[in-house]
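Please build the complex by placing chain B on the supplied structure of chain A, with the hints as guidance.
Chains as they are written, first to last, in the numbering used here: chain A, 1 to 280; chain B, 1 to 280.
Incorrect hints may have been included.
One copy or two, either will do: identical chains are not told apart, so a pair holds if it fits within one copy or between any two.
Quick list of in silico lysine-lysine cross-link-like pairs, DSS-like style, CA-CA up to 25 Å [said to hold, decoys possible]:
1) LYS138 to LYS279
2) LYS29 to LYS9
3) LYS141 to LYS94
4) LYS149 to LYS204
5) LYS155 to LYS29
6) LYS246 to LYS269
7) LYS204 to LYS155
8) LYS21 to LYS204
9) LYS29 to LYS122
10) LYS122 to LYS240
11) LYS119 to LYS240
12) LYS155 to LYS122
13) LYS138 to LYS204
14) LYS248 to LYS29
15) LYS94 to LYS29
16) LYS117 to LYS138
17) LYS117 to LYS155
These are calculated hints, taken from the structure and not from any lab test.
Fair warning: this is a prediction, and the values are worked out from it, not measured in the lab.
Number of protein chains: 2
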Amino acid sequence: MRAYAPSLKLGEVFIGVQVAKIIESKHPKFPVGQLVTCHFGWRTHTISDGSPIRGVPPMLVPDLGDLPSSLALGIFGRPGNSAYFGFLELCNPKVGETVVVSGAAGAVGSHVGQIGKIKGCKVIGIAGSDEKGNWLKKDLKFDDFINYKTEDLDKRLTELCPEGVDCYFDNVGGETSSIVLSHMNLFGRISVCGSISGYNELVKATPVQRYVVPKQLRMEGFVINRWMDRWPEAIQQNLKWVNEGKLKYRETVTEGFENMFTAFVEMLKGSNFGKAIVKA
Amino acid sequence: MRAYAPSLKLGEVFIGVQVAKIIESKHPKFPVGQLVTCHFGWRTHTISDGSPIRGVPPMLVPDLGDLPSSLALGIFGRPGNSAYFGFLELCNPKVGETVVVSGAAGAVGSHVGQIGKIKGCKVIGIAGSDEKGNWLKKDLKFDDFINYKTEDLDKRLTELCPEGVDCYFDNVGGETSSIVLSHMNLFGRISVCGSISGYNELVKATPVQRYVVPKQLRMEGFVINRWMDRWPEAIQQNLKWVNEGKLKYRETVTEGFENMFTAFVEMLKGSNFGKAIVKA
Chain A
1 MRAYAPSLKL GEVFIGVQVA KIIESKHPKF PVGQLVTCHF GWRTHTISDG
51 SPIRGVPPML VPDLGDLPSS LALGIFGRPG NSAYFGFLEL CNPKVGETVV
101 VSGAAGAVGS HVGQIGKIKG CKVIGIAGSD EKGNWLKKDL KFDDFINYKT
151 EDLDKRLTEL CPEGVDCYFD NVGGETSSIV LSHMNLFGRI SVCGSISGYN
201 ELVKATPVQR YVVPKQLRME GFVINRWMDR WPEAIQQNLK WVNEGKLKYR
251 ETVTEGFENM FTAFVEMLKG SNFGKAIVKA
Chain B
1 MRAYAPSLKL GEVFIGVQVA KIIESKHPKF PVGQLVTCHF GWRTHTISDG
51 SPIRGVPPML VPDLGDLPSS LALGIFGRPG NSAYFGFLEL CNPKVGETVV
101 VSGAAGAVGS HVGQIGKIKG CKVIGIAGSD EKGNWLKKDL KFDDFINYKT
151 EDLDKRLTEL CPEGVDCYFD NVGGETSSIV LSHMNLFGRI SVCGSISGYN
201 ELVKATPVQR YVVPKQLRME GFVINRWMDR WPEAIQQNLK WVNEGKLKYR
251 ETVTEGFENM FTAFVEMLKG SNFGKAIVKA
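Bound conformation, chain A alone:
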């Protein structure tokens, strides 16, 4: 199957982005004591010559003031930039439009919904527990929330969005997304960030073409490396929003390198709020 990233071979280091501290260096751009992010994978120590891993070179962690450096893995890293570029560039949300986000309590989804509010949209999140939903509504000011595990998604969308949906930020794929597409307005935009519902097992879903044609929808997928040349723009804007109190984040931190596997499985099960981090 084709997942978001290339499949691992047996014996390969498991993939993952780290914030790593430089403890020895012969490279003037990467002095001892600085923090870097890179796809170093699940390991405690790495020797790097500065060349890209999975298409991305090591990058110095930007100055985040008093904020924790782990945010370079979340709101000021790939998830934060995915929310910024993936939502703004592909959904092009306008004031007064209705935005639906699936995987809404994850690192990317929770960020996308807040950008939607900043841009003057009505925002509905789809997530898998009422605890997540309460966080989205109370703390992040989402307009409302649908628990896809306990509620009828189609019925709830009809209730919450009688005006129809203009933008859909899709983290999950599968039947959830087919149902959202059936509620979309003419010339609606769908940004596809992930399809986690199909990563483990492939379940067939209602074909989306039946909705894409009459409503003339545009659906586009992305991988965040696409906007690598504009990387600092997103970080600076997100940092500004955080400092202004307009953008909130949450991390689910697991202590101990030896708990990496458990943290990963819990994230896939949906136990995390915001970015799942392991502190080694």
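Frame of chain A; chain B shown alone:
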């Protein structure tokens, strides 16, 4: 269900576009003897005040020289303009790219494939009989053809397009389209014109999001009314290509108004080559 056009209510005139001859007129723009096209539906006589039906006003048939006026329903009408705008505007094909067309022997599909050849692309058609395939290859100069009823589509696409697919013009939706999407290249474009596989019964299919994300595909649906303001541009270019011998067409003509229903069902069964016409 949501189909291409709004559902009919019991007692309504069945939808359909006609070439009609004006036999009486009080409108200076529509003189007696002229031919007009409009969504008059399945009937022999119509009284019109020139106002739009299903969003489109009656339009005079353009001067087609010695060509039959029924082509105003096909290659110089909605199907021809769907091929021209839907393919060129949404797929943006480039010289040397690989194009796949489903419903390739229909009015729109056969036209799209030929535009693909005119634009310097490799073109593969998907259709439901070898007779259709031979027409596409021999007469219309498609590079090759896949019979989705007798061949393994996935295997044949691997054989015929080892370089991957850049543009997909989708008339059918369903599993056929999911399989084509699994063969697409980075930044591939999908123009969705129809989803005939789901019009009668809804069969679930492999979700497309799993292909849309890693290959960063863009899929867009359209209804041809969208380019109404550029209507003559497509007709003039298609007429030029026909007169230059670069664009061929075929019509499947059924004689007799009373055979309308049979002609319609045969079209849905896939018996037609090119545009299905009923001559009343």
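Problem - Alpha-carbon proximity between LYS138 and LYS204, which holds within one copy, between copies, both or neither at 25 Å - result: neither (35 Å within a copy, 37 Å between copies)
Practice task
Go through the copies and call it for LYS155 and LYS122: within, between, both or neither, with a Cα cutoff of 25 Å.
Solution key: within (18 Å within a copy, 45 Å between copies)
Handout entry: Homomeric proximity label, LYS204 with LYS155: Cα distance no greater than 25 Å
Key = both (21 Å within a copy, 20 Å between copies)
Handout entry: 25 Å Cα threshold - placement of LYS240 relative to LYS122
Key = within (22 Å within a copy, 49 Å between copies)
Practice task
Have a look at LYS141 and LYS94 and pick one of within, between, both or neither, based on CA distance no larger than 25 Å.
Solution key: within (18 Å within a copy, 45 Å between copies)
Problem - Within, between, both or neither, where LYS29 and LYS122 count as close if Cα-Cα is 25 Å or less - result: neither (44 Å within a copy, 47 Å between copies)
Practice task
Classify it for me, LYS149 with LYS204: is the Cα-Cα distance of at most 25 Å met within a copy, between copies, both or neither?
Solution key: both (18 Å within a copy, 21 Å between copies)
Exercise for the section: If the cutoff is 25 Å on CA atoms, where do LYS117 and LYS138 land: within, between, both or neither? Let me know, please. Expected result: Within one copy only: 13 Å inside a chain, 57 Å across chains, cut-off 25 Å.
Problem - Within, between, both or neither: LYS117, LYS155 at alpha-carbon 25 Å - result: within (24 Å within a copy, 47 Å between copies)
Practice task
With 25 Å as the alpha-carbon cut-off, assign the pair LYS119 and LYS240 to within, between, both or neither.
Solution key: Classified as within; 15 Å inside a copy, 47 Å across copies.
Practice task
Please work out whether the CA atoms of LYS21 and LYS204 approach to 25 Å or closer within one copy, between two copies, in both situations, or in neither?
Solution key: neither (44 Å within a copy, 49 Å between copies)
Exercise for the section: First find the shortest C-alpha distance between LYS94 and LYS29 inside one copy, then the shortest across copies, and answer within, between, both or neither for a cut-off of 25 Å. Expected result: Close neither inside one copy (41 Å) nor across copies (41 Å); limit 25 Å.
Checked against the numbered hints above, the structure breaks hints 1, 2, 5, 6, 8, 9, 13, 14, 15 and satisfies the rest.
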